[in-house]
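Model the full structure from these sequences, guided by the hints.
Protein chains in written order, with our numbering: chain A, 1 to 401; chain B, 1 to 401.
FYI, nobody ran anything at the bench for these hints, they're computed from the structure.
Derived lysine-lysine pairs resembling DSS-like cross-links, with alpha carbons at most 30 Å apart:
id: 1; chain 1: B; residue 1: K129; chain 2: B; residue 2: K241
id: 2; chain 1: B; residue 1: K31; chain 2: A; residue 2: K63
id: 3; chain 1: B; residue 1: K24; chain 2: A; residue 2: K53
id: 4; chain 1: B; residue 1: K129; chain 2: A; residue 2: K55
id: 5; chain 1: A; residue 1: K129; chain 2: B; residue 2: K114
id: 6; chain 1: B; residue 1: K191; chain 2: B; residue 2: K241
id: 7; chain 1: B; residue 1: K24; chain 2: A; residue 2: K55
id: 8; chain 1: B; residue 1: K193; chain 2: B; residue 2: K221
id: 9; chain 1: B; residue 1: K55; chain 2: A; residue 2: K129
id: 10; chain 1: A; residue 1: K114; chain 2: B; residue 2: K129
id: 11; chain 1: B; residue 1: K53; chain 2: A; residue 2: K53
id: 12; chain 1: A; residue 1: K32; chain 2: B; residue 2: K55
id: 13; chain 1: A; residue 1: K31; chain 2: B; residue 2: K63
A few chain A residues facing chain B, derived, Cβ under 7 Å:
id: 14; residue: I57
id: 15; residue: M83
id: 16; residue: Q99
Every residue, glycine too, gets a C-beta built ideally from N, C-alpha and C.
2 protein chains.
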Amino acid sequence: MSLIVQKFGGSSVANAERVMNVAKIVTDTYKKGNDVVVVVSAQGDTTDDLIAKAKEITPNATKREMDMLLSSGEQISIALLSMAIQSIGCPAISLLGWQAGFVTNSVYSSARIKTIHTERLLTELGNRKIVVVAGFQGVNEAGDVTTLGRGGSDTSAVALAAALHADRCQIFTDVDGVYTADPRKVPSAQKLKEITYDEMLELATLGAQVLNNRSVEMAKKYNVELEVISSLNPIPGTIVKEVANMEKMLVRGVTKDTDVARISMIGVSDIPGIAFKVFNKLAQKNINVDIILQSVGRNSTKDIAFTVNKDNAPVAITALRELPFVGDELEITCDTDVAKVSVVGAGMETHPGTASKMFEALYNSDINIQMISTSEIKISVLIDAKDADKAVLAVHDAFLG
Amino acid sequence: MSLIVQKFGGSSVANAERVMNVAKIVTDTYKKGNDVVVVVSAQGDTTDDLIAKAKEITPNATKREMDMLLSSGEQISIALLSMAIQSIGCPAISLLGWQAGFVTNSVYSSARIKTIHTERLLTELGNRKIVVVAGFQGVNEAGDVTTLGRGGSDTSAVALAAALHADRCQIFTDVDGVYTADPRKVPSAQKLKEITYDEMLELATLGAQVLNNRSVEMAKKYNVELEVISSLNPIPGTIVKEVANMEKMLVRGVTKDTDVARISMIGVSDIPGIAFKVFNKLAQKNINVDIILQSVGRNSTKDIAFTVNKDNAPVAITALRELPFVGDELEITCDTDVAKVSVVGAGMETHPGTASKMFEALYNSDINIQMISTSEIKISVLIDAKDADKAVLAVHDAFLG
Chain A
1 MSLIVQKFGG
11 SSVANAERVM
21 NVAKIVTDTY
31 KKGNDVVVVV
41 SAQGDTTDDL
51 IAKAKEITPN
61 ATKREMDMLL
71 SSGEQISIAL
81 LSMAIQSIGC
91 PAISLLGWQA
101 GFVTNSVYSS
111 ARIKTIHTER
121 LLTELGNRKI
131 VVVAGFQGVN
141 EAGDVTTLGR
151 GGSDTSAVAL
161 AAALHADRCQ
171 IFTDVDGVYT
181 ADPRKVPSAQ
191 KLKEITYDEM
201 LELATLGAQV
211 LNNRSVEMAK
221 KYNVELEVIS
231 SLNPIPGTIV
241 KEVANMEKML
251 VRGVTKDTDV
261 ARISMIGVSD
271 IPGIAFKVFN
281 KLAQKNINVD
291 IILQSVGRNS
301 TKDIAFTVNK
311 DNAPVAITAL
321 RELPFVGDEL
331 EITCDTDVAK
341 VSVVGAGMET
351 HPGTASKMFE
361 ALYNSDINIQ
371 MISTSEIKIS
381 VLIDAKDADK
391 AVLAVHDAFL
401 G
Chain B
1 MSLIVQKFGG
11 SSVANAERVM
21 NVAKIVTDTY
31 KKGNDVVVVV
41 SAQGDTTDDL
51 IAKAKEITPN
61 ATKREMDMLL
71 SSGEQISIAL
81 LSMAIQSIGC
91 PAISLLGWQA
101 GFVTNSVYSS
111 ARIKTIHTER
121 LLTELGNRKI
131 VVVAGFQGVN
141 EAGDVTTLGR
151 GGSDTSAVAL
161 AAALHADRCQ
171 IFTDVDGVYT
181 ADPRKVPSAQ
191 KLKEITYDEM
201 LELATLGAQV
211 LNNRSVEMAK
221 KYNVELEVIS
231 SLNPIPGTIV
241 KEVANMEKML
251 VRGVTKDTDV
261 ARISMIGVSD
271 IPGIAFKVFN
281 KLAQKNINVD
291 IILQSVGRNS
301 TKDIAFTVNK
311 DNAPVAITAL
321 RELPFVGDEL
331 EITCDTDVAK
341 VSVVGAGMET
351 HPGTASKMFE
361 ALYNSDINIQ
371 MISTSEIKIS
381 VLIDAKDADK
391 AVLAVHDAFL
401 G
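Right, dumping it as structure tokens:
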């Protein structure tokens, strides 16, 4: 008998039929003798509908009241799912974030979980009840409702699995696992049986929108075994854990990210501390910088280029223009017509040929590389956006085809 | 400076415009220097929509999960109203039932308030915040969410006013006060400035659907001064209190109730204890009996007639048929084509002529009286349903015209 945490997102419980489908999965797990804790998000468009209601009142709602408003969404889901489980003949009880013991800090709309008081959960599990917990929410120490921000229900599920020492945390989604590339774009993409936390983090960051990064980080920290699995077809999915069976695969996945912009500062004076000042300024504006390229230019100037999230590009350029050494004569360009293509795999750090194999594949497809960035488990290149899909195919086939 | 509790029903907060209207009323009260606690119900049709969602899952939802589901409705209202108040520039904070300290018993869907822990409320009021409380809900001692059943938000408001020793509890509705009769039917109906708790209770019971009875009973018990007032036109409404200024009015109101059925048992054996057995049987089935008439019949038998709520009539007849002394030969009839018309007024007990004045008015309008019932502050007659409106007009004009 195992203790299993199962998490279902908003689309999995969007209507009565899907709620019944989830209840079937949950009760099947329960009937095999397992203890089951279920974490659910708000139904389908509920959160968007509630945000629209708030906007009708004021564009400047306080975050505390937004959290009060939005947390009603999961409340509806947990009640309906508990009813559905009970209608199948299994005992169930719904618990709100505060009832399930989630204590967070007071950063409304993106609170961090501080602790989970598990007494109530353990009592209900001890009574062989299926416990249905509202994801995405908790209370701060003053007893005010908080929400965990984007991907919060994944985080709730992993945190619960950690607190309860669950044997597994299953994240149900609309895909049946993690693939080596987007299967809609790359016909030879393969489903991975296993993947490490670090690989999953790189894949998530790079745009394979399967698991929220915060939840993977937490799973890594507390060594919670995750499974990404389909709620429509609950065959075994992809297991995310500390050490994954490599199956002789050098690379775990190939991803693309088109939500990126390249900013170039051309002809910056070549004096010490310039790079520090540039990136410190961006950090002050909370702008994450990804690939950085610094080249020696002509006439004792140099060029600095880097990539940021597309949304952040205008703010970044404005910030750079505020720097004292940036005069009107300095050319700052922004190219949003770019894409980042990456290969990820924990094995590549011990295989020196990975980078050259990737560059060869791109060269053979006539794709020009603008920038390169490497880490222990990934290699990213910045290329023209129009080449992105072709590049993913070529790189995927070189490593995994 | 006073402490005022203001309660707004679902139709008063049905959309953004109405929420802003409520915020205007609340902040006007606050800006006069008063401390304000606001109790709100779920928006418009929210509760019905949630019930429909549950029915899609199962027709037999447990009451605990229904309470979990339905209590999300007020959560949305309190968040939106707090945002609206803040957008006007006044400080506000929303509190759920459990946050506002409402502790109830565990009778899900019709819980009774046991106590209100007012610490949090007093702290927020001490900070000069407008406190917006979710009506209709609380938690039991195990920390599970309960709802108070029909009219629950009125009860929440009165209980809060009692616990906080508020100076007044204003119940905002879509009428601007309590009238001597339904103003849509009786052109000469007058708005009452004041009315006693007992009179209000009689009027509520008799179908003047302005205030929930449970809340009036609680207001009487804790001596909370109530005001029934319009949210669309917040001019002074009707005050409900222990001793009302009589203004020389003998009668406070004339009401009709068409939701009534008359059951007659004709030819019951005239042996001792029959009446006890009949009404004890009905009490066992939780059926309230109103007017009772017992007449000596022919041949050592008698007739027993009484009125019940229309919905209860079939259950009542089935129950009567189970009595050992009720054979197939006993005739039991049920007439649902009847109406009860009543006059209510605390002054009438000292005016012996009230009853005859009422009967005279009915006689002059050719209305036949089937049954009569009197209490210290009311006289009711059962008549043909078709005569009900005519009877209300005639009686109203006789006393109040």
